[in-house]
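The primary structure of each chain is shown beneath.
Protein chains: 2
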Amino acid sequence: MKNIVYFNIGDKMNYPNGIKKGNDNKYITYKNRGMTLENDLNQTNQYYIDNDIAYIYKKPTPIKVVKADYNTNGRVIKEAYYSEPSTTDYNGIYKGYYIDYEAKETKNKSYFPLSNIHAHQITHLRHIENSKGISFLIVRFTSLNLTYLLPTKDFLNYIDNNKKSTIPISYFESYGYLIKEKYIKRIDYLEIVDKIWRLS
Amino acid sequence: MKNIVYFNIGDKMNYPNGIKKGNDNKYITYKNRGMTLENDLNQTNQYYIDNDIAYIYKKPTPIKVVKADYNTNGRVIKEAYYSEPSTTDYNGIYKGYYIDYEAKETKNKSYFPLSNIHAHQITHLRHIENSKGISFLIVRFTSLNLTYLLPTKDFLNYIDNNKKSTIPISYFESYGYLIKEKYIKRIDYLEIVDKIWRLS
Numbered sequence: 001m002k003n004i005v006y007f008n009i010g011d012k013m014n015y016p017n018g019i020k021k022g023n024d025n026k027y028i029t030y031k032n033r034g035m036t037l038e039n040d041l042n043q044t045n046q047y048y049i050d051n052d053i054a055y056i057y058k059k060p061t062p063i064k065v066v067k068a069d070y071n072t073n074g075r076v077i078k079e080a081y082y083s084e085p086s087t088t089d090y091n092g093i094y095k096g097y098y099i100d101y102e103a104k105e106t107k108n109k110s111y112f113p114l115s116n117i118h119a120h121q122i123t124h125l126r127h128i129e130n131s132k133g134i135s136f137l138i139v140r141f142t143s144l145n146l147t148y149l150l151p152t153k154d155f156l157n158y159i160d161n162n163k164k165s166t167i168p169i170s171y172f173e174s175y176g177y178l179i180k181e182k183y184i185k186r187i188d189y190l191e192i193v194d195k196i197w198r199l200s
Numbered sequence: 001m002k003n004i005v006y007f008n009i010g011d012k013m014n015y016p017n018g019i020k021k022g023n024d025n026k027y028i029t030y031k032n033r034g035m036t037l038e039n040d041l042n043q044t045n046q047y048y049i050d051n052d053i054a055y056i057y058k059k060p061t062p063i064k065v066v067k068a069d070y071n072t073n074g075r076v077i078k079e080a081y082y083s084e085p086s087t088t089d090y091n092g093i094y095k096g097y098y099i100d101y102e103a104k105e106t107k108n109k110s111y112f113p114l115s116n117i118h119a120h121q122i123t124h125l126r127h128i129e130n131s132k133g134i135s136f137l138i139v140r141f142t143s144l145n146l147t148y149l150l151p152t153k154d155f156l157n158y159i160d161n162n163k164k165s166t167i168p169i170s171y172f173e174s175y176g177y178l179i180k181e182k183y184i185k186r187i188d189y190l191e192i193v194d195k196i197w198r199l200s
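Note that the protein sequences, when read in sequence, are chains A and B. Once you know that position 140 of the first sequence is 140 in the working numbering, the rest is easy, because the numbers rise by one and skip nothing. Once you know that position 69 of the second sequence is 69 in the working numbering, the rest is easy, because the numbers rise by one and skip nothing.
So that you can see chain A by itself, here it is in the shape it has in the complex (with noise of 0.2 Å):
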């Protein structure tokens, strides 16, 4: 059983290359070039991929089929609905660890609406929390080009201390760590996993 080492609530590490909030983030220009969360994922995790740091990768999207048929190209699904999604989008190994994260874009400026993460997505992550795995959310609030990743403890331990269907973006300053974009490792979460983990 592995021993992972929580930081308590307040007990903030600190960045020395600031990792800082802010629109004077020297990095941010690359955002406005339109790419969006899923895309700067998906290019950080092929980065972690081909360099042997993590392989951590998308799940598919479910979809609930209801008609299928036969075409020229095989079997055709002819009705399907999106399901909600039972779980989070993104999981692998890093380190050897189990981890698994949900990635939510906002465009709201001064919250991150709950309605964005299923019933489902919640009790999942729990089941990871309870499991020991690290996992965590990355809500970018697009209009003001910050990334936060929150570690789902502390996620939990809002929704469970709090009726709001609402999390203020003071809770992510506080609670949250600010992750810088850079070029080819667009959002290195990795980095802020190992101190928030101390994995490294």
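Accuracy of the hints is not assured; some may be wrong.
Identical copies look the same in the list; a pair holds intra-copy or inter-copy alike.
Stated by the list, open to error - Once the Cα atoms are required to be at most 30 Å apart in a straight line, the calculated DSSO-like pairs of lysine-lysine come out as:
(1) Lys78 to Lys182
(2) Lys95 to Lys59
(3) Lys132 to Lys58
(4) Lys107 to Lys132
(5) Lys153 to Lys95
If you're looking for bench data, these hints aren't it; they were derived computationally from the structure. No experiment lies behind these values; they were computed from the predicted model shown.
Please build the complex by placing chain B on the supplied structure of chain A, with the hints as guidance.
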């Protein structure tokens, strides 16, 4: 970084309670009720979840959507195709470890056709193996009522050293582990994982 100890090939465990091959397995009658391997795995994984033993789940089937529209039920997919899977079907956490496997059935009595495993899935299993994850195949020979766990290491060893399109059942007998069927924990593969990877 976790230190996973593999057995050397040939260094097999003894199973005093008889994880044995052959049709004399007294649990085999349940198989005849027409349970598929997938059903058995779903039931077993649910047992693991309900009893806080492990959190292992099935990934969605990858589907490529070509045409979508809206109807009274919301967004409806009008044309889509099953994609070749790029990962295995199941993964999750057990005792803090990343665990990942693919499950396949074959009606054949003497060999397992490798056409059942896609190239991308083999690449996926190599990534897991290189990243020190626990991974394996679960293969059921339905005509024989035999279900084997074959560690990825031994699976890769075979395909890297043989140009054949099948794995003979004798290879499963030598390098695989027979999973006995039980009533509730239909196929309690974690019992075998504990022994192979020395987790208990």
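### Query
Are there hints from earlier that the structure breaks, and if so, what are their numbers?
Numbers 1 and 4 - these are the hints that the structure violates, sorted from lowest upward.
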